[in-house]
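*Asks:* Sequence:
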Amino acid sequence: MYTKQQRIAELAKQLPEVSFTSLAYHIDLEWLKAAYRYTRKDAAVGVDGMTAHEYEKNLEVRLQSLLERFKSGTYRAQPVRRVYIPKSTSVKELRPLGIPVLEDKILERAVKMVMEPLYEQDFLNSSYGFRPGRSVHKALDMLWNEAMGMRGCWVLEVDIRKFYDTMKHEHLRAFLKRRVCDGVVVRTVGKWLKAGVMEEGTVHYDEEGSPQGRVISPLLSNLYLHYVLDEWFTREIVPRLNHRASLVRFADDAVMLFADQREAEVVKNVLKKRFARYGLELHPEKTRLVKFTMPPLKGQCESWSFDFLGFTHYWGKSRRGLWVIKRKTSGKKFRAAVKRVNQWCKENRHMPVKEQHKTLCVKLRGHYNFYGITCNIRSLNRFKECVQAGWRKWLNRCKRPKGRGKLTYDRFNKLLKRYMLPAPYIAHTYA
1 MYTKQQRIAE LAKQLPEVSF TSLAYHIDLE WLKAAYRYTR KDAAVGVDGM
51 TAHEYEKNLE VRLQSLLERF KSGTYRAQPV RRVYIPKSTS VKELRPLGIP
101 VLEDKILERA VKMVMEPLYE QDFLNSSYGF RPGRSVHKAL DMLWNEAMGM
151 RGCWVLEVDI RKFYDTMKHE HLRAFLKRRV CDGVVVRTVG KWLKAGVMEE
201 GTVHYDEEGS PQGRVISPLL SNLYLHYVLD EWFTREIVPR LNHRASLVRF
251 ADDAVMLFAD QREAEVVKNV LKKRFARYGL ELHPEKTRLV KFTMPPLKGQ
301 CESWSFDFLG FTHYWGKSRR GLWVIKRKTS GKKFRAAVKR VNQWCKENRH
351 MPVKEQHKTL CVKLRGHYNF YGITCNIRSL NRFKECVQAG WRKWLNRCKR
401 PKGRGKLTYD RFNKLLKRYM LPAPYIAHTY A
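1 is the number of the first residue of the sequence shown in the numbering used here; add one for each residue after it.
In short, the hints are calculated from the structure, not lab data. A few of these clues could be false.
[Said to hold, decoys possible] The calculated lysine-lysine pairs, modelled on DSSO-like cross-linking and capped at a C-alpha distance of 30 angstroms, are:
1. K41 x K194
2. K363 x K384
3. K194 x K162
4. K291 x K138
5. K138 x K332
6. K4 x K33
7. K333 x K272
8. K41 x K13
9. K138 x K57
10. K332 x K162
11. K286 x K333
12. K358 x K333
13. K333 x K417
14. K168 x K191
15. K317 x K87
16. K177 x K162
17. K358 x K417
18. K339 x K363
19. K13 x K87
20. K286 x K354
21. K332 x K384
22. K168 x K286
23. K162 x K138
24. K168 x K194
25. K177 x K358
26. K87 x K71
[As the list claims (entries may be wrong)] Each pair of labels, with its calculated beta carbon distance range:
27. T359 x N381: 29 to 39 angstroms
28. V45 x K354: 29 to 39 angstroms
29. P239 x R37: 38 to 48 angstroms
30. V45 x R151: 32 to 42 angstroms
31. K332 x Y227: 27 to 37 angstroms
32. R382 x K57: 28 to 38 angstroms
33. T166 x R235: 17 to 27 angstroms
Ideal Cβ placement from N, Cα and C applies to all residues, glycine included.
Take the sequences, apply the hints, and build the full model.
*Replies:* Right, dumping it as structure tokens:
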């Protein structure tokens with residue numbers, strides 16, 4: 001499988017303008033077995049109720065049948081089951097999530113594995129979301145280097161309203177056929193787009209969008225924005241500007257950096273028309289132009305900041321007294337993380353303290369591993385303090401044996417010495 005992927009990548013790099021017509025040829029039974037291994041077995045079930053445990057009972061026969069239906073064109077995609085989950089920053093706002101059936105997940109992953117090496121040769125360095133070898137912290141690193149190189153710039157925060165629900169199928173098919181003309185693959189992707197969504201027992205068929213939750217959706221979204229935003233900005237906009245400009249995108253979140261304010265305002269107006277042409281809309285409140293410059297004179301301490309990928313970016317002085325860009329956990333993400341931990345402590349306050357301590361250590365280390373970047377140690381310390389306060393609060397609200405009074409701060413500090421929570425640490429060091 002890896003040899004085939006490497007060969008596809010080499011051909012795609014050698015032939016940047018060629019559309020591939022025989023990608024489905026590479027997908028065989030072993031390829032589907034590999035796709036099944038990479039598929040989560042504990043995920044929620046789709047509309048058919050099929051679990052991985054049941055599917056494995058006759059795995060090879062089922063995969064062989066799936067392969068034959070895929071190659072012959074008799075494969076039929078089933079609707080996704082729609083559920084709503086709260087957004088990470090708000091409990092009131094709900095995010096729609098589509099849950100495909102297990103068989104669709106396997107085939108989607110197989111098709112993704114054959115298409116990904118091809119498009120990795122086309123995608124630009126400014127794109128970081130849902131790509132192999134690229135992460136949030138690498139996107140943050142590029143953003144830091146670009147902004148520091150400009151020594152102050154204008155930042156255009158780009159927020160696309162309901163991006164996954166508004167991608168136009170006709171444009172997506174046109175973008176897909178620029179590099180993939182394999183009839184089997186193109187028809188299968190079209191079946192997933194038209195499969196429909198089941199909600200409260202009723203199936204709805206949408207003319208646009210790709211449900212979040214499908215395995216193939218991240219690749220299709222990157223493909224859509226590659227042509228609509230990345231390639232357009234890099235090859236058409238930047239050469240026409242008189243000053244430096246750059247783009248950093250992670251999935252559907254993006255920021256543009258401009259050295260000149262007038263050029264930034266012009267691009268913002270043109271971007272709105274560009275997105276409207278392809279059925280997309282900028283969020284009027286979340287899309288904004290921010291002045292992001294260091295205080296030029298002594299005594300002018302007013303700072304401009306912006307949020308991106310869970311961090312607030314702002315100017316501050318280093319230990320050597322130089323103006324540098326610093327990052328801290330954004331207020332929305334911080335409050336949401338504290339709320340999730342408090343909710344867990346509330347729901348599990350009946351568990352033994354030893355078990356609670358074990359889970360809280362995992363949650364803290366996960367938070368440190370993501371938000372533990374240079375200059376963010378204060379936010380990490382605050383988070384640990386909030387976790388300790390929430391833990392003590394809900395320990396005091398569980399039934400306690402007779403003779404044991406309220407868990408005072410002294411008694412809680414003694415408990416923390418026995419069940420120590422991990423100290424904050426910096427997991428990602430930047431210059």
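*Asks:* Against each hint, give a clear statement of whether it holds in the structure.
*Replies:* A quick look at each hint next to the structure:
Taking the CA atoms of K41 and K194, the gap is about 25 angstroms. The hint holds against a cut of 30 angstroms. A hinted pair counts as satisfied when its Cα atoms are at most 30 angstroms apart, and K363 with K384 qualifies at roughly 10 angstroms. This hinted pair checks out: K194 and K162 have alpha carbons roughly 18 angstroms apart, not beyond 30 angstroms. Under the criterion of a C-alpha separation no larger than 30 angstroms, the hint pairing K291 with K138 is consistent with the structure, at around 23 angstroms.
A threshold of 30 angstroms between alpha carbons decides the hint, and for K138 with K332 the separation of about 22 angstroms falls inside it, so the pair holds. Annotation: proposed proximity of K4 to K33 holds, straight-line Cα distance about 15 angstroms (limit 30 angstroms). Simply put, K333 and K272 have alpha-carbon atoms about 28 angstroms apart, close enough for the 30 angstroms limit, and the pair holds. Note on K41 and K13: the hinted pairing is violated, with a Cα-Cα distance of about 34 angstroms set against a maximum of 30 angstroms.
The suggested pairing of K138 with K57 is violated, with an alpha-carbon distance near 41 angstroms, which exceeds 30 angstroms. Simply put, K332 and K162 have alpha-carbon atoms about 19 angstroms apart, close enough for the 30 angstroms limit, and the pair holds. Proposed proximity of K286 and K333 is supported: the alpha carbons are some 16 angstroms apart, at most 30 angstroms. Between the alpha carbons of K358 and K333 the distance comes to roughly 23 angstroms, so the proposed pair stays at or under 30 angstroms and holds.
As the CA atoms of K333 and K417 are separated by approximately 29 angstroms, the hinted pair is consistent with the 30 angstroms bound. Restraint check: the Cα-Cα separation between K168 and K191 comes to about 15 angstroms, which is no more than 30 angstroms; the hinted pair holds. For the given pair, K317 sits about 34 angstroms from K87 by alpha-carbon distance, which is inconsistent with the 30 angstroms threshold. Simply put, K177 and K162 have alpha-carbon atoms about 24 angstroms apart, close enough for the 30 angstroms limit, and the pair holds.
In summary, the hint linking K358 to K417 is supported, as the alpha carbons are separated by about 14 angstroms, within the 30 angstroms threshold. The hinted pair formed by K339 and K363 meets the criterion: a straight-line CA distance of about 13 angstroms does not exceed 30 angstroms. For the hint pairing K13 with K87, the CA-to-CA distance comes to about 39 angstroms; that exceeds 30 angstroms, so the pair is violated. A C-alpha spacing of about 43 angstroms is found between K286 and K354, which places the hinted pair above 30 angstroms, so the restraint is violated.
A hinted pair counts as satisfied when its Cα atoms are at most 30 angstroms apart, and K332 with K384 qualifies at roughly 17 angstroms. Pair hint K168 plus K286 holds up; C-alpha atoms about 22 angstroms apart against a cutoff of 30 angstroms. Proximity of K162 to K138 is assessed by CA-CA distance (about 25 angstroms); at most 30 angstroms being required, the pair is judged to hold. Taking the CA atoms of K168 and K194, the gap is about 12 angstroms. The hint holds against a cut of 30 angstroms.
The straight-line distance between the Cα atoms of K177 and K358 is roughly 50 angstroms, outside the 30 angstroms bound, and the hint therefore fails. Annotation: proposed proximity of K87 to K71 is violated, straight-line Cα distance about 39 angstroms (limit 30 angstroms). Take T359 and N381: their Cβ atoms lie about 21 angstroms apart, and the range 29 to 39 angstroms is violated. For V45 and K354, the hinted distance range of 29 to 39 angstroms is satisfied, since their beta carbons lie about 33 angstroms from each other.
With their beta carbons about 45 angstroms apart, P239 and R37 fall inside the hinted range of 38 to 48 angstroms. Between V45 and R151 the C-beta distance comes to about 53 angstroms, which lies outside the given range of 32 to 42 angstroms. Distance hint for K332 and Y227: a CB-CB separation of about 31 angstroms, consistent with the stated range 27 to 37 angstroms. Checked against the hint of 28 to 38 angstroms, the C-beta distance between R382 and K57 comes to roughly 50 angstroms, which is inconsistent with it.
Between T166 and R235 the beta carbon distance is about 24 angstroms. The supplied range of 17 to 27 angstroms therefore holds.
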